[in-house]
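So the chains spell out like this:
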Amino acid sequence: MINLAEIKILVVEDDPAMSEVLCEYLQGEGATTLSAPNGQVALELMEVEKFDLVLTDLQMPIIGGMELLRRIRERDTESPIVLLVTGQADITEEIAIASGAVGLIHKPFDLMFLFEKISQSLAVRVMVG
Amino acid sequence: MRFRDHIIHVPLSVGDSVDRRRAELLSVLLLGRGVAAIGVLIFLVVMGPEKAIGPTLIAFTLNIVAYLLARTKYFQIGTAIVIIEALLVIPYTVISTGTLESIASGPIWLGLGTLIGSLVLPFRYMLLVIVGTAASFGVIGFHIDPSFMPIVAGQLLFTLVLSFLALVGTHIRDRGDKLLEAERAKVIQISKLSALGEMAAGIAHEINTPLGAIVLNAQMIERINSRLHDPNSDIAKRAQSIVKIGYRVAKIINGLKDFSGETKNEGDTTFTARALIAATIDLCGEKFKNHGVQLRIEENQWIEIRIRGQLNQLSQTLLNLLSNSFDAVQNLEEKWIQIKVVATGQNIELRVIDSGNGIAPQIVTKIFQPFFTTKDTGKGIGLGLGISKSIAESHHGDLFYDETSSKTCFVIRLPVVQKESESERLVT
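Quick mapping for you: the protein sequence lines, in order, are chains A and B. Using our numbering, the letters of the first sequence map in sequence onto residues 186 to 314. Using our numbering, the letters of the second sequence map in sequence onto residues 70 to 497.
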């Protein structure tokens, strides 16, 4: 199992309750987290900080998840991005991966499942790096 | 089938379809009038009064024009004519001195009336007007001069043919209306479900996100508890319960969304019944085997019949029936599920039969209603059959419970692919 210590994660989520519990959990696992309420703030944060992983919601004001994914991919190909979806029929794991994400998680989800997904994503990054 | 497509896919124009059907019937009726006018013409030629030929020819032409009009959006004009003709023909015949010309030119007015008058008038009134007009016309003609008898007889024959056609038209119309009523009820039901689905799709994000937060918080409570107290404490149990309930709510929301028809459209393909069954068994065959449920697929010549549509959706439909059967037979002594393919004319039926106890007669009418389920709470949400039925219907087919079968039997009925040219992408 990968320890999340020394891992920096950006949580992009407009729902404060969701954002808060995600950060709490990840911090509990040893990660450092920063949160952004939308894609625009996320991009601003990414200008000044480097993240090992981005967890992003899809439906958000100003800049949504897919647009954020596209913009991040325009400037770097490495940082793994995991999409958090709420059952949008048109977005499947294949589409998410084809768009440059490393994975997709349907809300609601288990903490164990999230942890596994993050571990896999970080492993992908290690391999790519 | 074409007509049905129209109202299934464009529910808002149901009213238009009624008009369209009326127009179609009216055009049949008017065509009949044209044909009858030819009959009168021939009759007159044979009987000799040449003076009547001209007027009858004009009447014939007017009828044909009216017929052509009835094929366009101006068809309603035709109905109004019938009223006008009644107002014109009788006074004309009475006022004029009862000459052969006045009687023979009756068909002109009849034709003209038909041309102007098909407006909104229901066929039963049309029938009355036609019979009334021609009959009084004939009686008046006969009364004026018995030597006009052949022409009067011709007019009466004309009338009889028209009346007969009007009767047939009315009959077809009434039957059509009944069918239409049933179609309309179906469309309303489908629109209701699809509105429900669209709403669910709209609120899925708003509900699933906070629901996700609830589930995660409950799991955090469980973790914190296991660090501080007994991992099997009541706190852990309550937290686990919250997680379970959270997933159940998500399942309901996601299930409802399927009614919206927003599910991925992968494009139609042509495939055999065997391919559909195989694709479905790939998803559930293993589970059946592990639970000792025997799956029988009857080999026959129909299993190679081709169907056109969305393989994944139809597979979901078949899977739903198989899963229901599985749940029904799982705890029985005798557990088997049979899939039998039968062709019935234009349709192919996939019959799913199982060793279960059948559906109680008092709930048969409810099984397709949303949220109706006989399964334990949390196991089924009562949307499967409704969604499956709407998938079958969107493929111009149906899904129903066969009450005549001695064993539990659900039937997916689909139209078979007729033409070779339709089978562009054959999936085997």
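For the record, the hints were derived by calculation from the structure and aren't laboratory data. Predicted, not measured: the structure shown is a model, and the values here were computed from it. Warning: the hint list may mix true and false statements.
Claimed, not checked - Heads up, simulated DSSO-like pairs for lysine-lysine below, C-alpha to C-alpha not over 30 Å straight-line:
hint	chain 1	residue 1	chain 2	residue 2
1	A	K302	B	K356
2	B	K320	A	K302
3	B	K306	A	K302
4	B	K313	B	K247
5	A	K302	B	K313
Stated by the list, open to error - Partner residues are not named here, just some residues of chain A that face chain B (Cβ under 8 Å, in silico):
hint	residue
6	V206
7	E278
8	G288
9	D295
The C-beta atom is built at its ideal place from N, Cα and C for all residues, glycine as well.
Going through the hints against the structure:
Annotation: proposed proximity of K302(A) to K356(B) holds, straight-line Cα distance about 26 Å (limit 30 Å). Restraint check: the Cα-Cα separation between K320(B) and K302(A) comes to about 21 Å, which is no more than 30 Å; the hinted pair holds. Annotation: proposed proximity of K306(B) to K302(A) holds, straight-line Cα distance about 26 Å (limit 30 Å). Between K313(B) and K247(B) the CA atoms are separated by roughly 48 Å; this puts the pair beyond 30 Å, and the hint is violated.
Our distance criterion of 30 Å between C-alpha atoms is met by K302(A) and K313(B), whose separation comes to about 21 Å. Restraint check, V206(A) versus chain B: the minimum CB separation of about 4 Å is within 8 Å; hint holds. A cut of 8 Å between beta carbons decides the hint on E278(A): the least distance to chain B is about 13 Å, and the hint is violated. Interface hint at G288(A): violated, since its Cβ lies 16 Å from the closest Cβ of chain B, which is beyond the 8 Å cut-off.
Taken as an interface hint, D295(A) checks out: its beta carbon lies about 7 Å from the nearest beta carbon of chain B, inside 8 Å.
When the structure is compared with the earlier hints, violations turn up for hints 4, 7, 8 and for no others.
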